[in-house]
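Chemist: Now for the letters of each chain:
Protein chains: 2
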Amino acid sequence: MMKQKLDIKNLLTQPVPWLAHNVSNAGILISSRIRLARNISGFLFPLRAKATERQTIFDQIQSTLGSIPELNKSSMIDLKSLPEIEKQILFERHLISHEQINSRIGSGLVVGERESFSIMVNEEDHLRIQILSPGLELNRNWSKINRLDDLISSTLNYAYDNTIGFLTSCPTNIGTGLRASVMLHLPGLVLTEQIKPVTRGLNKMGLAVRGLFGEGSEAFGDLFQISNQSTLGESEKQIIARISRVVDRLLEHEKNARYILLETKPDYLFDYVSRAYGVLSHARLLSSEEAMKKLSALRVGIDLKMFTSLTLETLNRLMVDIQPGHLQKLYVKKMNPERRDSYRATLVKEYLC
Amino acid sequence: MMKQKLDIKNLLTQPVPWLAHNVSNAGILISSRIRLARNISGFLFPLRAKATERQTIFDQIQSTLGSIPELNKSSMIDLKSLPEIEKQILFERHLISHEQINSRIGSGLVVGERESFSIMVNEEDHLRIQILSPGLELNRNWSKINRLDDLISSTLNYAYDNTIGFLTSCPTNIGTGLRASVMLHLPGLVLTEQIKPVTRGLNKMGLAVRGLFGEGSEAFGDLFQISNQSTLGESEKQIIARISRVVDRLLEHEKNARYILLETKPDYLFDYVSRAYGVLSHARLLSSEEAMKKLSALRVGIDLKMFTSLTLETLNRLMVDIQPGHLQKLYVKKMNPERRDSYRATLVKEYLC
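Here the protein sequences line up with chains A and B, keeping their order.
Just so we're aligned: the first sequence equals residues 1 to 353 in my numbering.
Just so we're aligned: the second sequence equals residues 1001 to 1353 in my numbering.
Incorrect hints may appear among the rest.
DSBU-like mimics (lysine-lysine), calculated; alpha carbons at most 35 Å apart, straight line [what the hints assert, rightly or not]:
hint : chain 1 : residue 1 : chain 2 : residue 2
1    : A       : K333      : B       : K1305
2    : B       : K1305     : A       : K334
3    : A       : K293      : B       : K1009
4    : A       : K255      : B       : K1349
None of these hints come from the bench; they were simulated from the model.
Using the sequences and the hints given, assemble the complete structure.
Modeler: Here's what the structure looks like:
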């Protein structure tokens, strides 16, 4: 019945479910995401639909999904009525896209229990179903999202063409409507200046390389998101298998780069980590971008076992909590950017010391 | 008789005499220097003289100065016979110019007891007499150097013209042959972006603004050397009075800039100091340039009483000991630049912790 109200305050007390310290190669393989673009037959795509039609779509999705017993612990939110700061938090938790912060009538979000899945309503497509989890878990995510998709399609009439497949607002999503992506932490490739040729190689293979926040976001903090660019001509499983293979190779490549750095330039590597710690533990002002970059170095340091008390768990938590929205909500009063940089520095110091 | 041999190893254990923590405004007014350019009548200027003539000049200066009883605790060195590393140390202690590191036949140095004065022999002029002391001490330095100059001129026949004054190799030194300079630490003017207009203003007043190592050296670590550009048309006392007045105004200007920063952007100022401390106390590799820049911030922090145990005395010592020559000599084995950066980082950490 989806009667749950999404408790944003409560979200803040929880770590994001897609960052974990206890998965395989947690220092490099950050998270895996699968999303499906789906549309309901008989309605204009959200970007072309007028306000009333968007509202109708929203209502129909709400009532239909509400009738699925398996989703009765999920929440559906009308984003239009949400304060911007709360949308910023949803964005930082990767539950909505940057575009959906500027929501219009009918913009919505469905969130599964403990953020196990999310569905953006009336973003570029009527539904953008997403499952995000830590580590390399594309196959498991695919099973889960496939089941969820089946549940939804049993109640909603998807726009589907027998030859082409799922119809989507943007031609780049047509067919499977599937985007599979893996977030990797690749400081080794960055420091050994291999990241540019590697990116070019991936692009030639039809894979996109993006930053922490996906499309349109620049890579910083050495976090790179690898995803398929085409959704047509391959089955879902083929797409996933292809990306998984590439990720396996990137993992080896990154490990090798770190090994070479450690063998040939240990001072340089330890200096890189250690001075990042020095700045994070002493700065009085920290922008989120600088903090992310320095935390990236600490992630390497944890991998190198340079710290006795700093854990990957703490680091993961910090990576989310220093984002502007989380930071503002964790603090009581309204902050201007400078106050925020000061509070961020205080928070980081608390975590580290 | 100048029988003393200059003990470079012993120099290294001594702080340089021109950096002190117990002079007035020690955080801003670093040191004062006066030097006189003098030449001996009847010889070509050093840059034009052949090797044998340069050697004759050297010998004559050595025997003449050796006959002055007041100089019998001084040492005279033939720079040509000195290892490069030791010349680098003399340079870092401001006893010789950068040019004199590449010494030729006849290049020499006279050093007074406890580095109280120095005379470069056969640099650009036959004699470059210098007195350097901490704080703003131009008048006292002038009295001292004037007395020393009188002693020397009583035994050496200076090239002198009754109308023009002292004759020098470069026309910019002709007349008094006097260069008075004050080294100031001006991070407040740098951080408030006033240093460029201030420099332009000083240039218009006929004053040169240079870096830590004088002519040809860039300003870094927020250290600026202010000196007179012309040596003609003003008496020595007039030159000194003019520079002293300017320095007094710069001192007020710098204090004011720091006060404004502290009032309007305290977080920014504390961040600037604190993160410099974070890097210096954590880095594993430090170039001398980066170290100087960060030490500059610590000097501000000491002024702001931000540190409980770090003193200006320690900081002054560190500023000299991190220079390449001192660093190499303090260490036992020969170091390549990377090893030096690593050892510098270790040394800085030892001083700070």
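Chemist: Which hints from the list above does the structure break, by number from lowest to highest?
Modeler: Structure breaks hint 3 only.
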